[in-house]
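Participant: Given the coordinates of chain A, work out where chains B, C and D should sit on it, guided by the hints.
Residue strings, one per chain:
There are 4 protein chains.
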Amino acid sequence: MSITQEQADTAIAAARKAADAIGVPMNIAVYDDGANLKAFIRMDGAFLGSADIALNKARTAALFGFNTEALYDFVKPGGTSPGFDRTNGGLIVFAGGVPVKDANGKLIGAVGVSGGMVDQDFEVATAAVAALD
Amino acid sequence: MSITQEQADTAIAAARKAADAIGVPMNIAVYDDGANLKAFIRMDGAFLGSADIALNKARTAALFGFNTEALYDFVKPGGTSPGFDRTNGGLIVFAGGVPVKDANGKLIGAVGVSGGMVDQDFEVATAAVAALD
Amino acid sequence: MSITQEQADTAIAAARKAADAIGVPMNIAVYDDGANLKAFIRMDGAFLGSADIALNKARTAALFGFNTEALYDFVKPGGTSPGFDRTNGGLIVFAGGVPVKDANGKLIGAVGVSGGMVDQDFEVATAAVAALD
Amino acid sequence: MSITQEQADTAIAAARKAADAIGVPMNIAVYDDGANLKAFIRMDGAFLGSADIALNKARTAALFGFNTEALYDFVKPGGTSPGFDRTNGGLIVFAGGVPVKDANGKLIGAVGVSGGMVDQDFEVATAAVAALD
Chain A
5 MSITQEQADT
15 AIAAARKAAD
25 AIGVPMNIAV
35 YDDGANLKAF
45 IRMDGAFLGS
55 ADIALNKART
65 AALFGFNTEA
75 LYDFVKPGGT
85 SPGFDRTNGG
95 LIVFAGGVPV
105 KDANGKLIGA
115 VGVSGGMVDQ
125 DFEVATAAVA
135 ALD
Chain B
5 MSITQEQADT
15 AIAAARKAAD
25 AIGVPMNIAV
35 YDDGANLKAF
45 IRMDGAFLGS
55 ADIALNKART
65 AALFGFNTEA
75 LYDFVKPGGT
85 SPGFDRTNGG
95 LIVFAGGVPV
105 KDANGKLIGA
115 VGVSGGMVDQ
125 DFEVATAAVA
135 ALD
Chain C
5 MSITQEQADT
15 AIAAARKAAD
25 AIGVPMNIAV
35 YDDGANLKAF
45 IRMDGAFLGS
55 ADIALNKART
65 AALFGFNTEA
75 LYDFVKPGGT
85 SPGFDRTNGG
95 LIVFAGGVPV
105 KDANGKLIGA
115 VGVSGGMVDQ
125 DFEVATAAVA
135 ALD
Chain D
5 MSITQEQADT
15 AIAAARKAAD
25 AIGVPMNIAV
35 YDDGANLKAF
45 IRMDGAFLGS
55 ADIALNKART
65 AALFGFNTEA
75 LYDFVKPGGT
85 SPGFDRTNGG
95 LIVFAGGVPV
105 KDANGKLIGA
115 VGVSGGMVDQ
125 DFEVATAAVA
135 ALD
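Just so you know, the protein sequences line up as chains A, B, C and D, in that order.
According to my numbering, numbering within the first sequence proceeds without interruption in unit steps and concludes at 137.
According to my numbering, numbering within the second sequence proceeds without interruption in unit steps and concludes at 137.
According to my numbering, numbering within the third sequence proceeds without interruption in unit steps and concludes at 137.
According to my numbering, numbering within the fourth sequence proceeds without interruption in unit steps and concludes at 137.
Bound-form chain A, shown alone (with noise of 0.2 Å):
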């Protein structure tokens, strides 16, 4: 089972909400569990730079499943995997990329935010993954 459309729309509706909320214009993608791009936004006055990153750090997190700042871990000095960041065309391993997973546990998508401080991003994120529970 993968992300739907619906869930696309409420994770991005639920996205858009939180950063109106915080006055941040963000970029906010969706991915489905095969890692290609389900949804997709530039909010107006969103950093055209950070799509790529929003874009990357919900590719990243539906690669592997967990948030993108987890995997900062295998690749920060004396990490066990040097990097592991560059694989897969380059992988974000910052926040602002959250995966999503259905009431059995089974990663179904992810989401990616950018466009704030790295907090501001994976406060958005978690918003719209909230959402879908």
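To be clear, the hints were calculated from the coordinates, so they are not data collected in a lab.
Be aware that one or more of the hints could be misleading.
Identical copies go unnamed one by one, so any copy, or any two together, can satisfy a pair.
[Stated by the list, open to error] No more than 25 Å apart at the CA atoms, straight line, and that leaves these computed lysine to aspartate or glutamate pairs for DMTMM-like:
{"id": "1", "residue 1": "80", "residue 2": "24"}
{"id": "2", "residue 1": "80", "residue 2": "137"}
{"id": "3", "residue 1": "110", "residue 2": "77"}
{"id": "4", "residue 1": "21", "residue 2": "89"}
{"id": "5", "residue 1": "110", "residue 2": "24"}
Model, not experiment: these values are computed from the prediction.
Facilitator: Below, chains B, C and D without anything else, positioned relative to chain A:
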């Protein structure tokens, strides 16, 4: 002036409605006048491989300001510009990409649709752009 | 000897004047004899997608020292070198790229123009190179 | 609104003057607000390898609307966004890229300069943008 988030919402909603009306799930992409991705949705059941095509149709129409099928004239046998469709990293020269212009006729973006037969893609993309008038 | 900054200025000024004379905003590129970018301008209103084409026309002409349209002979049906235009990361084989030679006939660079019909591109590129005589 | 051909002319002329004043030939690039190339010149004697850097500095500043060196904070040891500089196909996070804004503070493009020491690149890029005020 570039296509807005609200216009992208309107275009995608109209495209989805038109796709539902003919019973063909579509990939729908909106690009701005800088040929950068503004919004995207892959409807449930749409061909996965058509996502790239929808994105590139919108990008192609945004790059040149013409319907994508109009560009075929340049590359058809005996056309003036053999290989034109291999420029810009590869362009789409069949129907489904339609430019969006403002009230003054200035290009502000484009819509690209893929997932059905070419005439269906064209119909849905045209409906999306018509909704912006 | 490679095309100079002053020659690039002269070529671009002549191309802009020729483009204004026919009322077609153009993308104009100058490459040196190392097939590296020397100068570029995208005139206001020029097709965004024609920038890549102008750059590649100049690059193609600099790589081989011929007008770009002359290279079509190699790839046309029955030509000696099918796929020649897919070498070098993709070449342009229609008009608008013109080599620049010094007084001794030695290749020193090239000009590429795109934004109009092929004969307009050719006219503007030729005017640019003629200004260097 | 995007940076115009006349503004690009002004910026490049100012950058060339500033480069001549310090005796360091430069590569100078202008991008628009869609992060697309608007104008470029490689001055005689400028490092060939600095062309790519000037282009990317302008692209980076156009993508995010900040001076390129300001982006280093995100990727420095202990920064919030390790690997940020590998997004968007690779960004430049040292000085020499400066955004261009209109009278209302809206981003309309960027200038990138490379060919000297970083502080020289910064000085020349800053002079180019100042000429647009």
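Participant: If a hint holds in the structure, say so; if it does not, say that too.
Facilitator: Results of checking the hints against the structure:
1. In this homomeric assembly, residue 80 and residue 24 never come within 25 Å of each other (Cα to Cα): the closest approach is 33 Å inside a single copy and 30 Å across copies.
2. When the C-alpha separation of residue 80 and residue 137 is checked against a cutoff of 25 Å, the pair qualifies neither within a copy, at 32 Å, nor between copies, at 37 Å.
3. Within a single copy, residue 110 and residue 77 get their C-alpha atoms as close as 23 Å, which meets the 25 Å cut-off; across copies the closest is 37 Å, which misses it.
4. Within a single copy, residue 21 and residue 89 get their C-alpha atoms no closer than 31 Å, and across copies no closer than 29 Å, so neither meets the 25 Å cut-off.
5. Taking the shortest Cα distances, residue 110 and residue 24 sit within 25 Å of each other only across copies (20 Å), while inside one copy they are farther apart (30 Å).
In summary, the structure is inconsistent with hints 1, 2, 4 from the numbered list given earlier, while agreeing with the others.
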